[in-house]
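Colleague: With the hints as constraints, model all of the structure from the sequences given.
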Amino acid sequence: MASVRSLHGETVDQLALRVYGDTAMTARIYAANPGLADLGLVLPHGTLITLPPVSAPVKKRISLWD
Numbered sequence: 014m015a016s017v018r019s020l021h022g023e024t025v026d027q028l029a030l031r032v033y034g035d036t037a038m039t040a041r042i043y044a045a046n047p048g049l050a051d052l053g054l055v056l057p058h059g060t061l062i063t064l065p066p067v068s069a070p071v072k073k074r075i076s077l078w079d
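Numbers in our numbering are just positions in the sequence shown, counted from 1, shifted up by 13.
Heads up, a few of these hints could be off.
What the hints assert, rightly or not - Ranges of calculated distance between the beta carbons of each label pair, as one might list FRET restraints:
{"id": "1", "residue 1": "T24", "residue 2": "S76", "range": "42 to 50 Å"}
{"id": "2", "residue 1": "M14", "residue 2": "S76", "range": "55 to 63 Å"}
{"id": "3", "residue 1": "R74", "residue 2": "D26", "range": "28 to 36 Å"}
{"id": "4", "residue 1": "S68", "residue 2": "T24", "range": "21 to 29 Å"}
{"id": "5", "residue 1": "V32", "residue 2": "L77", "range": "37 to 45 Å"}
{"id": "6", "residue 1": "P47", "residue 2": "G22", "range": "18 to 26 Å"}
{"id": "7", "residue 1": "A45", "residue 2": "R74", "range": "25 to 33 Å"}
{"id": "8", "residue 1": "Q27", "residue 2": "W78", "range": "19 to 27 Å"}
{"id": "9", "residue 1": "R74", "residue 2": "M14", "range": "25 to 33 Å"}
{"id": "10", "residue 1": "S76", "residue 2": "R41", "range": "18 to 26 Å"}
{"id": "11", "residue 1": "S76", "residue 2": "Q27", "range": "18 to 26 Å"}
{"id": "12", "residue 1": "V67", "residue 2": "T24", "range": "31 to 39 Å"}
{"id": "13", "residue 1": "L54", "residue 2": "G34", "range": "17 to 25 Å"}
Just so you know, these hints were derived from the structure itself, not from any lab. As the structure is a prediction and not an experimental result, all values here were calculated from the model. Just so you know, even glycine gets a beta-carbon here, dropped at the ideal spot from N, CA and C.
Modeller: This is the structure:
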């Protein structure tokens with residue numbers, strides 16, 4: 014898994030938005046980093062965060078003629 018360091022005053026939501034472009038990964042970041050929630054809402058500057066992999070979205074094919 015890849016990793017990234019937190020910026021000054023950054024929250025996990027902000028980190029998810031910066032790295033993934035979406036806050037939907039926040040819960041998966043917490044799951045991949047036991048004890049991360051114990052650091053508080055604002056992460057200490059330079060905290061090493063393990064990034065969970067993103068699964069490729071599955072595109073549903075629509076057929077006009079079945």
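Colleague: Under the constraints set out in the numbered hints, which ones does this structure not fulfil?
Modeller: 2, 8, 10, 11 and 12
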